[in-house]
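A.B. asks: The residues making up each chain are set out below.
There are 2 protein chains.
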Amino acid sequence: MKEFNKIDINKMSKIYRLNLINSITGYKSANLIGTKTNDQINNVAVFSSVIHLGSDPALIGFILRPTTVPRHTYENIHKYGFFTLNQISESQIKSAHQTSAKYSRETSEFSETGLEFEFKNNIDAPFVKDSPIQIGCKYINEYNLKENNTILMIGGIESIYVNKILLMQDGWVRLDKGKIVAINGLDGYSLPKLIERFSYARP
Amino acid sequence: MKEFNKIDINKMSKIYRLNLINSITGYKSANLIGTKTNDQINNVAVFSSVIHLGSDPALIGFILRPTTVPRHTYENIHKYGFFTLNQISESQIKSAHQTSAKYSRETSEFSETGLEFEFKNNIDAPFVKDSPIQIGCKYINEYNLKENNTILMIGGIESIYVNKILLMQDGWVRLDKGKIVAINGLDGYSLPKLIERFSYARP
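Chains as they are written, first to last, in our numbering: chain A, 5 to 207; chain B, 5 to 207.
Hints are computed from structural coordinates only; laboratory data are not their basis. You may find that some hints are simply not true.
Just so you know, same-sequence chains aren't split out, so a pair can sit in one copy or run between any two.
Straight-line distance between alpha carbons at most 20 Å, and here's what the computed EDC-like set of lysine to aspartate or glutamate pairs gives [as the list claims (entries may be wrong)]:
| no. | residue 1 | residue 2 |
| --- | --- | --- |
| 1 | K124 | E162 |
| 2 | K6 | D174 |
| 3 | K124 | D134 |
| 4 | K168 | D12 |
Note that this is a predicted model, so its numbers are computed, not measured.
The shape of chain A in the complex, shown without the other chains:
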């Protein structure tokens, strides 16, 4: 095993530390977050920090780094109160990664990356067409994490669209049936295959 102590971590080059610390917590969810800039421009950006917060009420969270990335997603969510989460399938990874480029606020990442949008129901934010799972969310709250000036955004789930092939009888969604990817570090895209589904564990 290669060991890094706190002094080693502090002495690393910025890029080495970014790669290392972003990888070691394991695989991350791969979501495209869709928001509206105005009635003409729709924004979409890849996020690897989306987490499940609870099922009842159905809540999700994600982390925003306000000082290091453009804050279009944040500003748009505050303006319209809605955003969408869209799972990324294998065929979309190149376009999804390209959304992380620093486009101007007046540019739609949809037109730049070849992803397509669609509007559904009462969600005032664009969904990513052909994503195998789409979730419409309403802005609920945010927490400022003072340790590193990041923001935990909290959204409530308003509507869910799931490709029927993925949806099992007990509500479990089998992600590998939609070739949904996971993120390794900052820039690696991986395709998981189910090994096993266990039953509820008892002592």
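Put chain B on the given structure of chain A with help from the hints.
C.D. replies: Below, chain B without anything else, positioned relative to chain A:
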């Protein structure tokens, strides 16, 4: 696409909703969190909510559900100030899932599940032996999320151990070289394979 609106979500059976909402945000990291109960008993439990919070300072977060799961991990972290994160490899999934059973506080999940522990450096918490990535963390802070009474725990990374086979020259850790798994929903364990690593995206 199968559609669920907010009324459908509210009307679901508890199990159906748990399975669905836990699956749709995508793949989740699979970490064993190690803590000390006292000098005799070491605790270990599987968590799917560990996220990267930042690289400089190196910070991680995870979500605790205080009202629905035993709080041994939380109590132990408060008592000793330390915990470990340990990536789960394919050969460990059965033992890892078994740690989610509700054992009493006087029982060590290590002796019940066949996982082995080891102590290293100045971290006052057990690491999981044979885990391909081990991280020693110090308790930093916590945030109560009032929306559903969960807790975001924040830890600072004190030391990192990575199997050398996984560690690339630029600090990126290639997780599939350690057969590290990802979690699908509450109880599905998946094995990812790298598709592609992209370079920094530019407009």
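A.B. asks: For which of the previously enumerated hints does the structure constitute a violation, in increasing order of number?
C.D. replies: No numbers; nothing is violated.
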